[in-house]
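Engineer: The sequence shown: position 79 = 78 (numbering that gives the first Met the number 0), numbered continuously.
These aren't lab readings, by the way, just hints derived from the structure by calculation. Because the structure is a prediction, the values reported are computed rather than measured. There's no promise every hint is true.
Claimed, not checked - As a list, the in silico SDA-like pairs of lysine to any residue whose alpha-carbon atoms are at most 25 Å apart:
| hint | residue 1 | residue 2 |
| --- | --- | --- |
| 1 | K43 | T22 |
| 2 | K31 | I59 |
| 3 | K43 | L61 |
| 4 | K63 | V88 |
| 5 | K67 | H57 |
| 6 | K44 | M72 |
| 7 | K14 | T77 |
| 8 | K17 | Q70 |
| 9 | K74 | D87 |
| 10 | K44 | K31 |
| 11 | K31 | T13 |
| 12 | K14 | Q70 |
| 13 | K67 | S90 |
| 14 | K67 | R20 |
| 15 | K56 | G85 |
| 16 | K58 | D26 |
| 17 | K74 | K84 |
| 18 | K44 | D78 |
| 19 | K44 | K56 |
| 20 | K31 | E64 |
| 21 | K58 | G19 |
| 22 | K56 | Q83 |
| 23 | K63 | D26 |
| 24 | K44 | F66 |
| 25 | K63 | E29 |
| 26 | K74 | G50 |
| 27 | K43 | E64 |
| 28 | K17 | V88 |
| 29 | K58 | L37 |
What the hints assert, rightly or not - Simulated restraints on C-beta separations:
| hint | residue 1 | residue 2 | range |
| --- | --- | --- | --- |
| 30 | V15 | Y35 | 35 to 41 Å |
| 31 | I89 | F66 | 26 to 32 Å |
| 32 | D71 | R20 | 19 to 25 Å |
| 33 | D78 | A18 | 16 to 22 Å |
| 34 | K58 | G19 | 27 to 33 Å |
| 35 | E86 | F24 | 21 to 27 Å |
| 36 | F69 | N49 | 23 to 29 Å |
| 37 | I81 | G50 | 33 to 39 Å |
| 38 | G50 | T30 | 39 to 45 Å |
| 39 | E10 | F46 | 38 to 44 Å |
| 40 | A52 | M72 | 22 to 28 Å |
All residues carry an ideal CB built from backbone N, CA and C; glycine is no exception.
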Amino acid sequence: MSDYKERHENEIFTKVLKAGRRTYFFDVRETKAGDYYLTITESKKNFGENGEASFEKHKIYLYKEDFKSFQDMFKESTDFIISQKGEDVISERHDKDFKSKSFTIESDEEV
Numbered sequence: 000m001s002d003y004k005e006r007h008e009n010e011i012f013t014k015v016l017k018a019g020r021r022t023y024f025f026d027v028r029e030t031k032a033g034d035y036y037l038t039i040t041e042s043k044k045n046f047g048e049n050g051e052a053s054f055e056k057h058k059i060y061l062y063k064e065d066f067k068s069f070q071d072m073f074k075e076s077t078d079f080i081i082s083q084k085g086e087d088v089i090s091e092r093h094d095k096d097f098k099s100k101s102f103t104i105e106s107d108e109e110v
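Please construct the entire structure, taking both the sequences and the accompanying hints into account.
Structural biologist: Given below as structure tokens:
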């Protein structure tokens with residue numbers, strides 16, 4: 000069986016989120032044992048000096064036993080960002096006077 004065919008035969012469910020030059024794929028896949036897991040892939044389109052397009056991809060494999068912890072930390076992290084910076088997007092490319100604030104962890108208890 001070809002590698003491509005094997006990778007796509009175990010796909011159960013797919014959702015795609017297009018966000019500018021980035022595309023996020025949420026794929027539910029099936030293990031050989033018949034259980035499900037989630038892959039989250041970020042694909043970013045880049046152009047070389049010759050104008051040829053290429054895609055940079057990053058993938059996360061997330062298994063059921065980690066869903067709750069992942070969901071809790073994702074929510075806590077996104078809530079922190081929104082509470083500190085609001086929902087407006089801040090980009091250095093769009094604001095020449097942008098000054099970043101660093102966030103540091105002061106103690107092991109904060110980890």
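Engineer: Each hint needs a verdict: does it hold in this structure or not?
Structural biologist: Taking the hints in turn, this is what the structure says about them:
1. K43 to T22: holds (6 Å)
2. K31 to I59: Measuring from Cα to Cα gives roughly 18 Å; hence the hint holds.
3. K43 to L61: holds (20 Å)
4. K63 to V88: Roughly 32 Å between the alpha carbons, so the hint for K63 and V88 is violated.
5. K67 to H57: Holds, because 22 Å separates the two Cα atoms, which is no more than 25 Å.
6. K44 to M72: violated (28 Å)
7. K14 to T77: Status holds; Cα separation ~21 Å.
8. K17 to Q70: holds (21 Å)
9. K74 to D87: holds (18 Å)
10. K44 to K31: violated (32 Å)
11. K31 to T13: holds (19 Å)
12. K14 to Q70: With a Cα-Cα distance of about 18 Å, the restraint between K14 and Q70 holds, given a limit of 25 Å.
13. K67 to S90: Violated - the C-alpha atoms of S90 and K67 are around 31 Å apart, more than 25 Å.
14. K67 to R20: violated (30 Å)
15. K56 to G85: violated (28 Å)
16. K58 to D26: This hinted pair holds, its Cα atoms lying about 11 Å apart.
17. K74 to K84: holds (15 Å)
18. K44 to D78: violated (28 Å)
19. K44 to K56: holds (9 Å)
20. K31 to E64: Holds, at roughly 17 Å.
21. K58 to G19: holds (18 Å)
22. K56 to Q83: violated (29 Å)
23. K63 to D26: Measuring from Cα to Cα gives roughly 13 Å; hence the hint holds.
24. K44 to F66: Cα-Cα ~29 Å, so violated.
25. K63 to E29: Given pair K63, E29 holds - Cα atoms ~12 Å apart, limit 25 Å.
26. K74 to G50: Roughly 39 Å separates the two Cα atoms, so the pair is violated.
27. K43 to E64: Roughly 29 Å between the alpha carbons, so the hint for K43 and E64 is violated.
28. K17 to V88: holds (17 Å)
29. K58 to L37: holds (10 Å)
30. V15 to Y35: 35 to 41 Å: Between V15 and Y35, where Cβ atoms are some 18 Å apart, the hint is violated.
31. I89 to F66: 26 to 32 Å: Because 31 Å falls inside the window, the suggested range holds.
32. D71 to R20: 19 to 25 Å: The hinted range 19 to 25 Å is violated for D71 and R20, with Cβ atoms some 30 Å apart.
33. D78 to A18: 16 to 22 Å: The hint (16 to 22 Å, Cβ to Cβ) holds, given that D78 and A18 are roughly 20 Å apart.
34. K58 to G19: 27 to 33 Å: violated (19 Å)
35. E86 to F24: 21 to 27 Å: holds (24 Å)
36. F69 to N49: 23 to 29 Å: At 40 Å between Cβs, range violated.
37. I81 to G50: 33 to 39 Å: holds (38 Å)
38. G50 to T30: 39 to 45 Å: holds (41 Å)
39. E10 to F46: 38 to 44 Å: violated (29 Å)
40. A52 to M72: 22 to 28 Å: violated (34 Å)
Hint compliance for this structure: hints 4, 6, 10, 13, 14, 15, 18, 22, 24, 26, 27, 30, 32, 34, 36, 39 and 40 are not met, and every other hint is.
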